[in-house]
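Please arrange chain B on chain A, whose structure you already have, making use of the hints.
Chain by chain, the residues run as shown.
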Amino acid sequence: MELLVASAIGLLTSSGLYLVLRLRTFPVIMGISLLTYAVNVFLFASGRLVVGAPPILQDGVSGYTDPLPQALVLTAIVISFGMTAVVVMIALGAYLGSNNDKVDDPVSAQKIDVEEVE
Amino acid sequence: MSLFLIVALPFLGALLPGLMNAAGRQACAGVTFTISLATLVGLLTNLPAVISGELVTAQVDWLPMLGLNLTFMLDGLGFFFACLILGIGLLIIVYARFYLARDDNMGEFFTYLLLFQGAMIGIVLSNNILLLLVFWELTSLSSFLLIGYWKHLPEGRQGARMALTVTGMGGLAMIAGMMIIGQLVGSYDLSVILQNRDLIQSSPLYLPALLLILLGCFTKSAQFPFHFWLPHAMAAPTPVSAYLHSATMVKAGIFLMARMWPVLSGTPEWFMVVTTAGLITLVLGAVIGLFKHDLKALLAFSTVSHLGVITMLLGTGTSFGAMAAIFHILNHAIFKAALFMSAGIIDHETHTRDIRRLGGLRHLMPISFIITSIAALSMAGIPLLNGFLSKEMMLEETTHTVLLNSPWLVPGLAVLGSSFSAAYSFRLIGHVFLGSKRNDYPAKPHDPPAGLWLPPAFLVFLVVAIGIAPFLAEPAVRMATTSVLGGVTDIPTAHLKIWHGFGPALYMSIFAIIGGLLLLMVYRPALQIWDTIPRPEAKNIFDTLIKALVTIARGLMQSTHNGSFTRYAAIATVTIVGAGFYAWQSGVVADATHGVQTAGPVMIGGWAMLVSATFALVFLHRNRLLSLILIAIVGLMVAIGFVFFSAPDLAMTQITVEVVTILLLLLALNFLPNRTPIESTVLARTRDVFIAAIAGISTMGLSLHYLLRDSIAPSISEFHLAKSYEGGGGTNVVNVILVDFRGFDTYGEIIVLGIAALLIYALTETLLSGPVRARLLNREPDQPRAGDIHPMMMVVLTRFLMPVVLMVGFYIFLRGHNDPGGGFIAGLIVSIAVVMQYMASGFNWTSTRLRYPYHGIIGAGVLIAGLTGIGSWFVGKPFLTSDFTYVRIPPFQKFELATAALFDLGVFLAVLGAVLLSLESFSRLARRAHVPDTDYAMDIDPSRDSNPEGMQSMAKEGR
Chain A
1 MELLVASAIG LLTSSGLYLV LRLRTFPVIM GISLLTYAVN VFLFASGRLV
51 VGAPPILQDG VSGYTDPLPQ ALVLTAIVIS FGMTAVVVMI ALGAYLGSNN
101 DKVDDPVSAQ KIDVEEVE
Chain B
1 MSLFLIVALP FLGALLPGLM NAAGRQACAG VTFTISLATL VGLLTNLPAV
51 ISGELVTAQV DWLPMLGLNL TFMLDGLGFF FACLILGIGL LIIVYARFYL
101 ARDDNMGEFF TYLLLFQGAM IGIVLSNNIL LLLVFWELTS LSSFLLIGYW
151 KHLPEGRQGA RMALTVTGMG GLAMIAGMMI IGQLVGSYDL SVILQNRDLI
201 QSSPLYLPAL LLILLGCFTK SAQFPFHFWL PHAMAAPTPV SAYLHSATMV
251 KAGIFLMARM WPVLSGTPEW FMVVTTAGLI TLVLGAVIGL FKHDLKALLA
301 FSTVSHLGVI TMLLGTGTSF GAMAAIFHIL NHAIFKAALF MSAGIIDHET
351 HTRDIRRLGG LRHLMPISFI ITSIAALSMA GIPLLNGFLS KEMMLEETTH
401 TVLLNSPWLV PGLAVLGSSF SAAYSFRLIG HVFLGSKRND YPAKPHDPPA
451 GLWLPPAFLV FLVVAIGIAP FLAEPAVRMA TTSVLGGVTD IPTAHLKIWH
501 GFGPALYMSI FAIIGGLLLL MVYRPALQIW DTIPRPEAKN IFDTLIKALV
551 TIARGLMQST HNGSFTRYAA IATVTIVGAG FYAWQSGVVA DATHGVQTAG
601 PVMIGGWAML VSATFALVFL HRNRLLSLIL IAIVGLMVAI GFVFFSAPDL
651 AMTQITVEVV TILLLLLALN FLPNRTPIES TVLARTRDVF IAAIAGISTM
701 GLSLHYLLRD SIAPSISEFH LAKSYEGGGG TNVVNVILVD FRGFDTYGEI
751 IVLGIAALLI YALTETLLSG PVRARLLNRE PDQPRAGDIH PMMMVVLTRF
801 LMPVVLMVGF YIFLRGHNDP GGGFIAGLIV SIAVVMQYMA SGFNWTSTRL
851 RYPYHGIIGA GVLIAGLTGI GSWFVGKPFL TSDFTYVRIP PFQKFELATA
901 ALFDLGVFLA VLGAVLLSLE SFSRLARRAH VPDTDYAMDI DPSRDSNPEG
951 MQSMAKEGR
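Chains as they are written, first to last, in our numbering: chain A, 1 to 118; chain B, 1 to 959.
One chain only, chain B, in its complex shape:
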C-alpha cells in the first residue's frame, strides 16, 4: 500500500467513529479496529521491500519553495515503530471498548485515538523534517484531547494542559533546531540530512541545533527536568495512558533521537547531554516510583525511568548501545502496555488504584494476578522474560561507559536504578496481589470480562515468547538498528540471547534483583524517611510559573490594550506615518518625469464641491442625518471624478453603491441617536486634528509624488490591453480583467460579499431572538411618523419603473464585456429596483411577491461562477479558463457568446443577493420596531372606499 494511504487512513478513518456514534459502541469500536487493521496490513505489504533493504518512498510537492514537501519514507526504524504503534493500538482499541463506561462518548474517544495514531504514523514515516514537525505538533494536540477526554475531571483538564504546554514548548524549540539543520544542509529532506554527518558536526551551529532538538525530544519523552508532566497525564482514561505512555507519545522523542542518531550522535556534547539526562531520569524515576501509592503514578514514574534507560543507551553513541536501546523500546512497550492495562483492570474492578487499599487479590483475581505478575517480573529484569534481556544489554553497555572520568559512575547508578526498578516491580506484585485477603475493598474484586484481560494476556504471551526465544525478535531489532546506525558504524555482531556467560552484566543483574528484594523488605522505614524528606513539587512550580507569566502578560496587555479603539487608531496612524516618513527620508527620490496638467473650470468646480462637502461633514458631523447627505455629495463627486478621468465602469459602480450604502445607513440611523454629543475635550480634539492633518498631508504628498512620476517598472496593464480582445473576446478591458484575467480574484470577492451578507443576516437573527427583541417591540419612535406610509405617487412610479430598471440592468449586464457595464453594476442596479419596491409598497407586499430567498440567490451566484470555472477542467484547461465564440442567428446581428458571460451571471446573482439580503435584514429590524405594515400596498385607494374595514384600518394607520 502506498505510504500516503498508510498515513492518510487513520486521519480519514477518524471521521467514522464520531459519525457512527449513534450506531452503538460495538460499531464504533469495530470500525476503529478495522481502520487500524487495514493500516497495519497496508504497512505489512511493504515488509518485503523493507527487508531487502530498499527505501520505500512516496513524494508529492507541497510547498517546494519552502522546502516543505509531502515526502514519506519507510525504512527499518520507521517500520519497527509503525508496527508498534499499530499493533499495540489494535489491542488498546479492544481494551477501550470494554473499559469505557456507558456514559462515555465512545465515538469521540475513538476519533481522537485515530487522529493520534495518524499523527504518530506520520512522525515515523516522514522523510521531510518540516512535515515531521507538523505531525509532531499534531501528536501534542491530539494527545491533549485524549488526556483531557474526561472533561468533567479538573485533574484531567489540568494534566492535559500541562502536557500540551510542556510538549508544545519543546516542539517550538525543536522547530528552531530543525530550521538550523535544514539551513546548514540546504535541504529539509531527512534522507539528505542523514548523509551530511560531517557537515553538521563541524558547524559552529551544531551545538545550538543539538540542544534545541534535544529540548524537543526530552520534553516529549519526559526526560529530566521535564519529566513532571507525565505523571499528571495519568488523569486520562487508562487505555489512553496505556497507549500514550508505552508505545507512542513518549516514544516519539526517543524515535527522533534514534532518527537523528547518525548525524547528531558520537560527539562529546551529545554524549554528555543525552547520557547524563538519561541517567538522572533513570534513577530519579525509579526512586520516586517506588514511593508512589497510586498504581498508575507508580507505572508513570517507572515509564519515566525506563525512558531514561533508553535515552542513556542512545547517548552512549555506540552501535551496541543503539541496538540495546531499540530492543528495550520493544520490550518496554510490550510489558508496560500490559501493566497499564492491568492497572486499569484493577481500578475497574476494585474501584481504587491506591496500593495501600489493595492486597491479597491473587485468589480473587487469578487471571489478572498471572498477567500482572509476569509483566512486572519482566520489568524487574527476571530471566526468561523479555525485560531481562534488554536490561542485561543495558548493564553490559554501562560497564563500557565512562562519564566524568569515572568508570564506576554509570554502572553504579544503573545498578542503583535497576534495584529500585526491581523493588517497585516486586512491590506491585507484593502489595497488590500477595498478602492476606482484606474485607474493606471499595468494590468486590473479581476478574474482568475476557475483552479486558485478553489484550494484556496477548502482550504477556509476547513477554514470555521473546524472553525464551529472543531470536524471534532479532530480525526486527537488527533491521531497526541498521536504520538507526545509518551506515555510520558497523552493525554489532552480538546476538540477542538469554545466556551471555558469567560476566559483569550478570553480576550486576543479580545484584539489582537482590537489592530490589532488600529494598522491599525495608519498605516501611524507607517510606517514613522518604516522607520526611522535603521534595520540590513540580506541579506547584509549574503552576507558579504559569501564573507569573499570566500576570506579566496581563500587565503588558492592559497597559497597551486598554480597550480604547480611539487610542489604537491614533497609535496606528502615527506609526504608519512615521514609518512612511522614515522610508521617504532614507530612500532615493527620483525627479518628476512629467509636469502638472492644467485643470479646467469644471474640474476646479468639482474639486471645490468635494472639498466644501468634506469640510462641512467634519464640522457638522454631530448632526447625523445632515452628515449622511454630505457624505452622499462626497461620493457623488468621487463618481463624477471617475467619469472625468475616463473610468465609466467605476463611476457607475460608485453611484449605485452610493445609493445602497446611503439607504443602509438611513435604515441604521432609524435606531441610533440623531446627534453625536460633545464628549472630547478641546485638547483631545486639537490632538486629533493634528494627527489627522499630518496623515492627510503625508497622503497628499505621496499621491502627488506618485502622480508626477511614471512607474519605475513597466506595468502589466499593457499585457491586458493587448490580450483583452484576442484572448478574452471583449473590448471593455476592465470587465475582461474582472471576469477573465483575474476571474479567480473576482470569484473570491463574490464569496466574501456573500459571507458578509450572511453575517449580517445571522447578526439580525441573533438580535431578534435575544433580549433586544423586546426592546425593539416596545420602542417608541423618537420622531413623528409620516402620515402617509406608502405614498400613492411613489407606489405608482416605482411599479412603473420596475420593468424599465430591470431592462436597463439586463442591458448593462449584456453589454458588459464590450462596453461599460457588467455583472457587478447590473446586480447593483437590479437591487436598487427591488429596494424601491420595498420602500414604496412596504415590506409585506414585496416579500409576498418574492419567489426566491436571497440566500439562495447568493448561493446560486457563487455556484454558477464556480461551475463555470470547473467547466474548463472538462476540456483539460486550468480552473476558470474562458472561451468565446461568435454566432449569428439570422434576424439578429452577429453576437458573441463567452463563458465569461456565464461567470458574470454568477457575479450578478451574488451581488444582487448580497445587497438585498443585507438591506432586508436591516429592514426586518425596523419592522419589529413599529406598527406592522398595512395589508394594502397603497394607503389611498378609491376602489376600496366602499370597504368600511379598510377605512377603519386606514384611519388607525393615518394617525
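Isolated chain A (complex conformation):
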C-alpha cells in the first residue's frame, strides 16, 4: 500500500514536471496542477497512512488519523485554486495581448540600456 502511494506521488511529480517543461502555457498550468496533487498527497502522507481509523473524536477509541497534515493540506488545496486561477489569468492575458502562448521570453525583449533608464 505504501508502495502504491509512493509510486503515485512519484508518477504525479514526474508527469507534472514533464508538462512544466513544455513550451506553451496551457500544458505548464496542467503540470503545475499535477505537481500540486503530488505535493498535497505527500504532505498528507507525512501523517502516515491509516485505513479505517475514525477521523472524528469518539469515546473509547485511541487510534486516530493524524489531523495536523490534513488541516495543512485542506488550506493548501483551497489556496492552490487561487494560485491556479491567477496563473491562468496571467496566461490568458499574455495570450490575448500578444497572440502568443509561449512561456519563454526572447532575450531581446529584456535588453534595456542604462542610457534609456537615465
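Everything labelled a hint here was simulated from the structure, so no lab data went into it.
Quick caveat: nothing in here was measured; it's all calculated off a predicted structure.
Be aware that a few hints might be false.
Facing chain A, according to a computed beta carbon distance under 8 Å, are these residues of chain B, among others [to be verified]:
1) Thr267
2) Phe271
3) Ile576
4) Met700
5) His720
6) Lys723
7) Leu759
8) Arg775
9) Ser918
Ideal Cβ placement from N, Cα and C applies to all residues, glycine included.
Chain B alone, transformed into the frame defined by chain A:
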C-alpha cells in the same frame, strides 16, 4: 517628553504636509514648523535631566533574539546634535517657505524634510547600534528624495543617485563593522559597547571593524576619497543643501565617530587613518573650493574642508581635540547654514550663482551683504567671530600632533588649508559684493523679502554672539564633550575664550589670514595655473565605474537568465534533486520501523486508474480539452484516496475545488488554442523525460522512506487530539485546528485567497479596458456555438437544485465543528450552486439577481474573522482566543455555540466571494467575446410563443 515621542513626532508629522498640500503653502510650512517646534520643545523638557548628568532612556523590545531593540538614550552629545538638527531645521523651514517657487510641490518637500529630520533624530538618540543603522539608512533614503527633489533636472537626479550610491555603500560597510563590534561585545546596546574599550581594542577584529565603520563615516561625511558626491548633491534646492550640508546629513558621519570615540579612538590605527584622511580632506577641499566659480560648489568644497578639520581633530584622540571638534561642529553648522542661505538668496534674486557674473552687489543688496560678509569672515577665522575660536583651538591642537614622525607636517598643512579657507572666504565677499557695479546681471538684484533673510540673520547674530561671548556656548560644548570622552580621559580644563595670549596658534592664525589675502591678490594668475593642471574628474570616474558594473551585471544576468522559463525550471529541478541526493548520501538513514501494509483490490484499482489517467494526460496533452478531462480524473482519484485513508474533510474539499478549477480552466480554454503544437525536438523531449523521471524517482524514494518510518520526534498532533474537545469544543479535530488552534494561519490564508481573487478581477479590468477589448469584441469563435444557449432542462434542474444545495451547504457549515465539513467546504459548495445558475440561466439573469458584490463578500468575510479575533481582546485574551458554550432552547436538543463558528463564517464568506469573483471575472471576458445573452432565461418558453418579438430574437439567437 518621552524619547519615543521625540523620534516618532517628525515621522508621524511627515504625513501632514503631504496631505495638507491643498490647504496652501502657508499651511504646509506652518504645520511643518509646528511639528519641528513641538519636537524641539519635547527635547528641551529633558534638558534638566541631561544637565544633571543623567542618562535619559526609553526601551521597548523589538526583536530581542537578534539583539535589535527600540532603545533610545539621550546624553550630552545626543542632545547637542538633536538641538542643532531641530534648531537649524526650524530656520530652514521658514527659509524654504519663501524660497520654493509657486510651481514646486511644497507638501512633498516638507514631507521629505520631516522624514529626514526624524531619521537624523533617530541616529543621534539611538542606543542600539542596529537601530542606529536603520535610521542611518533612512537618512540616505530621505536625503536621496530631498536632493532629487527637482525631478525635472538631470543633475538633480544624477546627484541624488550618486549620493545614495556612495552613502549607501558606506552604510553597508558600516553594518558589517557594527556586526563585528556587536559580536565582540555580545550586545548591540551602545551603552554596553561604550563600556568595553579594552575588550574591543585588544581583539584582532578591531582593525577590520574600525575600517568598516570608518568607511561608513567617511562616505557619509564626504571625507577623502569619498568627498566627490557632496558637490554633486548641490543640484538640490538650496534649503536642502543648507540643511544637509551644514548641520545634518554630513555631520552624521562625524557624529558616529564622536559616538564611538571612547571605544575606537586612541589607538595608532585610529590616529593614522582618521587624522590623515581629515588632513588630506582639509587641504584638498580648501584648494579646490578656491577655484570654483559656482557659489554653492565653493561652499560645498568648503564644507568638505571643514568636515576634514573636524575629522582630523577627532583623529588626534586627545580630549582637547575632541572639545575643539565639538565646538567646530557647532560653529561650522551656524556659519555654513547662514552662507548656504545667503547663496540661495543671491541665486534667487540675481538668477545666477556664477561668481564671475556677479560683483558690486553691496549697494544693491545691503542686507545680504552684511549677513554674508559676517558669516564668511567667521569662516575665514577673523577674531570676534565664532569661526576664529574653534579654528584657533584646531591650530593649537595641531602643534601637539606628530604625524609620520614630523612635528611640522600637521601644523604646516593645517596652516596651508586655513590660508586657502581664508582665501575663498575673502573671495566670496570680494568677488560677489565688492568691486564696481555691473550692468549685465541676469536679473535686477535687490534684497529679498524678510522671510528669506531673517533665518540667516538670526544665525549671523549667533556667529557674533558666540564670537564675542564664547562662555555662552561653553556649557553646551562641555556637556557634549563629556559624553564624547565617555570617561576614558579627563575633561579638558581649557575654557573657550577669545584671547589665549601670544602663542603658536595665534601666529598661525595671523599667518593664515595674511596668506589668504595674498592668495586672493594673485587669484588671476593662480586660476590660470590651476586650469592648466590636469585633474581627475571624480564624476567621470564614478560614471565609468558604474557603467562597468552594469556591463558585468548584465553579462552575468543574460548568460544565466535568458528569459527561458523552461530552462529555469529544469535547472531548479536538477539542483533540488542534486541537493537532496547529497543530503541522503551524507546523512544517516535509519532502518524501516514498520513493514508494508497489504493493499486490497479497491486500492489497486484506484491506483491503476490514477496511473493510467496520468500517463494518458502526458501522452495526450496536446489535445487540451481531453487533457482537462484526464486531469479531472486524476483529481477525483486523489479525492477518493483521501476518503480511503480516513480524511473525509480533505476529500470533500478536493472534490469541490476540482469542480471549480475545471470550470475555470474550461472558461480559459474558450480563448486559448485547442491544441498544443509540437515544437521541441526529440532530443529536448528525451532530456525533459530524463529530468522528470529522475525527479519522480527521487520523490517516490523519499515518500517511501517516509512512509515506512515513524517520525523521529513525537508529533504535536497528539496535543491537538487531546485538547480538541476540551479546549476547542469540537470533535472534528481538523476543523478545530483550522478555526481555533491555527486560526491565525487560516486568517492569513483567507486574506491571501481574497487578494488572489481581487488580482484576477483587476487583471480582467485591465484587459477589458486595453487594446484586448477590441480583439475580444471582434473575435470569431473557432467552433460553432451550441444552438440552445440555455437548455431548458438545465435551467429547470439548477433552479430546483439551488435551495437544496444551499441547504446542504448550510448543513455542512453547521456541522463542521464536530463532523466533516466547515467553512471552507461550505463556501465551495455554495459557490458551485451559484455557478450552476450562471451556466444554466446566463450571466445577465444571474447578475441582476445578485444583491451583494463579491468584493464585499470577501471583505465581509475577512472582517468578520478579524473582528472575531479582536473580540477576544475585550476579555483580556490574546487575538483569536476562542470560547464555546452549550445552550438548549426547549424544543431542540442541546447544541454548541462557539466563537470559532463565527470565525468559520468569515472563512465561508471569504472563500465564497473569492471563488465567485474569480469565475465571474473569467466569464466577463467571455461575455465580451460573443453575442450578448438573451433577455430570457430560457430559450424555449411556451408562454412567450404569442410574443412575436421574442420569436424573432430567438430565431436570431438560434442560428
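Against the structure, the hints come out as follows:
1. Thr267: Hint violated; Thr267 of chain B Cβ to chain A Cβ min 43 Å, cut 8 Å.
2. Phe271: Since the shortest Cβ distance to chain A is 42 Å, the answer is violated.
3. Ile576: Violated - the Cβ of Ile576 of chain B stays beyond 8 Å from chain A, reaching only about 11 Å at its closest.
4. Met700: With a closest approach of 3 Å, the Met700 of chain B hint holds.
5. His720: 6 Å, holds
6. Lys723: 11 Å, violated
7. Leu759: Holds - the Cβ of Leu759 of chain B comes within 8 Å of chain A, reaching about 6 Å at its closest.
8. Arg775: At 7 Å from the nearest chain A Cβ, Arg775 of chain B passes the 8 Å test, so the hint holds.
9. Ser918: 4 Å, holds
Violated hints for the displayed structure, listed by number in ascending order: 1, 2, 3, 6.
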